[in-house]
Amino acid sequence: MLLQRFLVRLMTILVTLFGVAVVVFVVIRVAPGDPIAMMLPPGASNDDIARLRALYGLDKSIVQQFFIWLAGVLHGDFGTSISLRQDVLGLVFNRLPATLELATVALLMAVAIGVSAAILGARSRGTAVEAGIDIASGATLSIPDFLWGLVLILLFGVLIPVFDISGRVSPQLDLPFVTQFYLAESLLRLRFDLTWDLLKHMLMPAIALALPLAAIIAQLLKQSLKEVLDLDYVVLARVKGFSETQVILREALKNAALPTLTLVGVQFTFLIGGTVIVERLFSYEGLGNMAIDAVINRDLPLIQGIVLVFALLFVLINLGVDMMYALLNPRLRHG
Amino acid sequence: MDEARILRRGLSPRLWLAGGWLLLALLAAIFAPLIAPQDPLAQDLMLERLPPFWLDGAEPGYWLGTDSLGRDLLSRLIFGGRIAFIVAFAAAASACLIGSALGLIAGYFGGWADRVISRIVDVWMAFPPVLFAILLVAVLGTGLSSVIIAIAVIDWTRFCRVIRAEAMSQARMDYVESARIAGYGRIGIMLREVLPNVLPSVVALLSLEMGIAVIVEAILSFVNLSISTDDPTWGGIIAEGRLSIHQAWWVLVFPLITLIFTVLSFSQFGEGLKARFDPVLR
Chain X
442 MLLQRFLVRL MTILVTLFGV AVVVFVVIRV APGDPIAMML PPGASNDDIA RLRALYGLDK
502 SIVQQFFIWL AGVLHGDFGT SISLRQDVLG LVFNRLPATL ELATVALLMA VAIGVSAAIL
562 GARSRGTAVE AGIDIASGAT LSIPDFLWGL VLILLFGVLI PVFDISGRVS PQLDLPFVTQ
622 FYLAESLLRL RFDLTWDLLK HMLMPAIALA LPLAAIIAQL LKQSLKEVLD LDYVVLARVK
682 GFSETQVILR EALKNAALPT LTLVGVQFTF LIGGTVIVER LFSYEGLGNM AIDAVINRDL
742 PLIQGIVLVF ALLFVLINLG VDMMYALLNP RLRHG
Chain E
72 MDEARILRRG LSPRLWLAGG WLLLALLAAI FAPLIAPQDP LAQDLMLERL PPFWLDGAEP
132 GYWLGTDSLG RDLLSRLIFG GRIAFIVAFA AAASACLIGS ALGLIAGYFG GWADRVISRI
192 VDVWMAFPPV LFAILLVAVL GTGLSSVIIA IAVIDWTRFC RVIRAEAMSQ ARMDYVESAR
252 IAGYGRIGIM LREVLPNVLP SVVALLSLEM GIAVIVEAIL SFVNLSISTD DPTWGGIIAE
312 GRLSIHQAWW VLVFPLITLI FTVLSFSQFG EGLKARFDPV LR
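Protein sequence lines, in the order shown, are assigned to chains X and E.
Terminal number for the first sequence in the working numbering: 776, no gaps in between.
Terminal number for the second sequence in the working numbering: 353, no gaps in between.
By construction, these hints were calculated from the structure, which means they are not laboratory data.
Remember, predicted model here, so these are calculated numbers, not experimental data.
Cβ atoms here follow ideal geometry from the backbone N, Cα and C, with glycine treated the same way.
Just to be clear, a hint being listed does not mean it is correct.
Unchecked claim - Sample of chain E residues with no beta-carbon within 10 Å of chain X, all distances over it, derived: (1) Ala184; (2) Ile188; (3) Asp193; (4) Tyr255; (5) Arg347; (6) Phe348.
Said to hold, decoys possible - Per the computed footprint, the stretches of chain X lying under chain E, defined by three or more beta-carbons under 8 Å from a beta-carbon of chain E, are: (7) 448 to 459; (8) 583 to 597; (9) 731 to 745.
With the rest of the complex left out, here is chain E (with noise of 0.2 Å):
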């Protein structure tokens, strides 16, 4: 009891600093015309490789400095949060769904519809997943359903797994006993009974895949398969930094430490939010 106790004062304090820095990467990129203070296409070879705002040489107005082109960085990681976050949520949810319902089908009937799942399951696992994700990009063409697409065709696994094992313990529990002998019809069982007792494993999941498609999005853009180039993307930003990392890199950095906050303030809002629903530690 002392220890959930420390546990979750432990905890409050990263559920809040990753949700903030969420929120407002969130805002940025939802309001990204009002705020970026540069048209983040706009190239002028005149200010090509501007330093950040404390170095020599800086410009006003170009905080994080410029690219090679003479773009705003400021202005293209303020843009590029828009895919990212887009990317984030579309892809997530539609790989929470798929994993979600193929697990709960697999946990909680077993027999042959879990046999076939968890052999695709397998097939699915033997794939190097970035090598996956960069053949589907390649085969449905560049772009940002693509992107999304391939990130849910890959990563539903992940979901699949960890709802399969929870729907089974829930499925022997004595309470799915006492809806059975209630009356209550298989699918109305799954869904009433199994579905809200596995939903923050879902909740936790979802967080952390959030992050898992940031990254895979990055990277993506970092080998030039994901959306067209002219739009800012973080992972493009990143494959533009490494290229003049001698002369500028700051063009490496700033998006660099974007992504690392990103992804860490996702996978923690997601161990915080777990730690928050579980009853145990609760």
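Just chain X, same shape as in the assembly (with noise of 0.2 Å):
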């Protein structure tokens, strides 16, 4: 029953990206403006375009070129990026780690921060306190991480200049690091003084990524809390002399936990489509940041690479929200 849906869920995978590949394709090849002219000297000879133009492929026609392109992203082989003039599949997985410990900070931070609201809210239901944080997370929520990547940049880099705003680490750094996880790595290397450059940087645009997802998490597992805390068993733990904040953190969290779950997995897709204005915002040496450069360049094999990730990241997180959801669910696990 698992393995069938699982399958299914593999095969609309396949055609979502199939389906993506084939839109940003078409997209930029409609673009105006000849990438090749753009990475030329002015004064250029003609045949030197049209040798360049076939030495990217450029010269085929449009079906053509994405039959090219699809078989070699089969093969691993992503092209070559035109500004950069380097392996495109290389670029990604140098910059791809940068994009992923912000995200991961984020999430971390964004549950942390919504848990803890939601249990103070169900703790407190009926008071100031649960009003209060109604309030501040519906205001968060309105407010798009862009802005408050600005909001602190002013607050914590102008008014209380305490967090570093730009970059990923302090350029006068030696870095020993052989992967480009350095977050990871300088814990594992135990180098707590390049770990805490890192959180440094990294702080503000985590922040500002996880304010709106922490209110999301705040406002949904309050709600469903409040729901079981009504129920019997947990009447009867109630009875038994357990005290309120036990009653939630050993009963009630464990089952209120699941809608929230789902939609954590969605909002995380969100969030990580926000890395790409954050990482410009913070100058932070992401995927995101390396997106908006290939565009503006227009760099096509480069934004048709980082999209696709971007893309199969997204299908793959929402695949692993929709295993665990089964995997937790006894009603789909036996069903």
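Using the supplied hints, reconstruct the complex from the two chains, each of which is provided in its own coordinate frame.
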């Protein structure tokens, strides 16, 4: 049952990815402006231009180009970046870890803030504290990550300059890293000085990304907790003498978490989508920042590669959440 | 019932506050040439980076100060509101029209129409929206209509998903069945019976989407891909403010406050309208 569900989902994922590839491919090839003309010095001969067009396969029809590109992608070859003249897959893998680390830190912060607020709200339901949490989460939710980023830049970059608001790591530091997962590697190498520097750079963009998600978690989880807290088995736990906080943590949370979990999955993809502009805002050297440069430089192969990697991330997260939901929900497990 | 009454009493002020701010900003944008104290494009290097009126060194007539080219910040904000509201209305209305139509068809007719539309929505949802918007505007060329088209092309899915779900549940209701027995055609039922019942959700989403459109326009201006750089836009002022943040913080603070107020107002206004229309809460 679970396997069948998994296979069906896998099929839809392939269809979705194919659709994304087609859409990007068509959209960027209708673009006016010749990427080849942009990379050659003025005064290049027509022969040079034609040779370069042939080199990047731009002299063929769109359909031909698509299938040549697709065949390459299936072999792990995403082509060569026009503006950076390097292998697209290499460039993407070089930047992806920075984005993944930022998104993961943001997700952890969102869950920590959201769950704490939900528990506090459910514990003090009907009081001014709950009303305060409602108002705060409602306002936080309405303000997108881009604006939160700017607010944080003003507060902690200018007013009280305690955090770095630009880059991923202090440029003067000597980095011993062999992978691009700087944060994880600094922890493994026990170089906590570097961890601290990385976190100081990451904290502001991560909070900007985390706040809207934290607000959604707080609202939804609080609602589910309040519903569960009226059920018989929770009342029984209360009668047995557990305190309200114990009841929430030990009994209610596990059963109230399922709807929130599904939502967090979908919202996590929005958070990753938000890294594009937030990375730009904080000059953080991730995939999103590179994507904007790629668009501005009309770097077709690089844009295609990055968008496809983002799409792959999105569908994999959705698949993961779906599977987790199926595993955790007894109705689906035995259905 | 008690809860509903409390909720409604709590809603009115937020509807008033949000609506009030939006009306004020809209009127300022419409009558910008009459209200703006200065020419928003006039540069004067003698007046560069003047602080807002309550600080030392401020010049009378430049209430919120000037940017690094000596242009009056308040006038630029007022004129920037014009583009923000044009984009908000045009983009949200287009996204709403496309998304609601497709959502209504998918939800009410079901079958292969639903399968095709839902698959397209899946594909659309797999794009990072901001990157998609930047890509589309880069392709279409910068300009007001490109920004509006890009937002509509990306955000129709928001309407489609909600309206599809609503139309699906409405289609199963008794009143639809009785309309069918009474001899109405499928499209007639969809437009006359189902559409009015999904309208409250559409209105709330529409207001929310206007706020989103304002933000997307600001983001596009921020990466220098929106309207021509001469016309003042909120995002353009923010981009300029981000650069001179250590010399002239006000160039970032005032457009940021304006944007936050506007976005909050659009979403609160939408929520307030939805609660007012919702028969369960009413």
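So, going through the hints one by one against the coordinates:
1. Ala184: Label holds. Min Cβ-Cβ 17 Å, cutoff 10 Å.
2. Ile188: holds, 13 Å
3. Asp193: With a cut-off of 10 Å, Asp193 of chain E comes too close to chain X, as the shortest Cβ separation is near 5 Å.
4. Tyr255: holds, 35 Å
5. Arg347: holds, 17 Å
6. Phe348: holds, 19 Å
7. 448 to 459: The restraint on the segment 448 to 459 of chain X holds, since 4 of its residues have a Cβ under 8 Å from chain E and three suffice.
8. 583 to 597: holds (count 9)
9. 731 to 745: As far as the segment 731 to 745 of chain X goes, the hint holds, because 6 residues have Cβ atoms under 8 Å from chain E.
Hint 3 alone, counting from the list given before, is not met by this structure.
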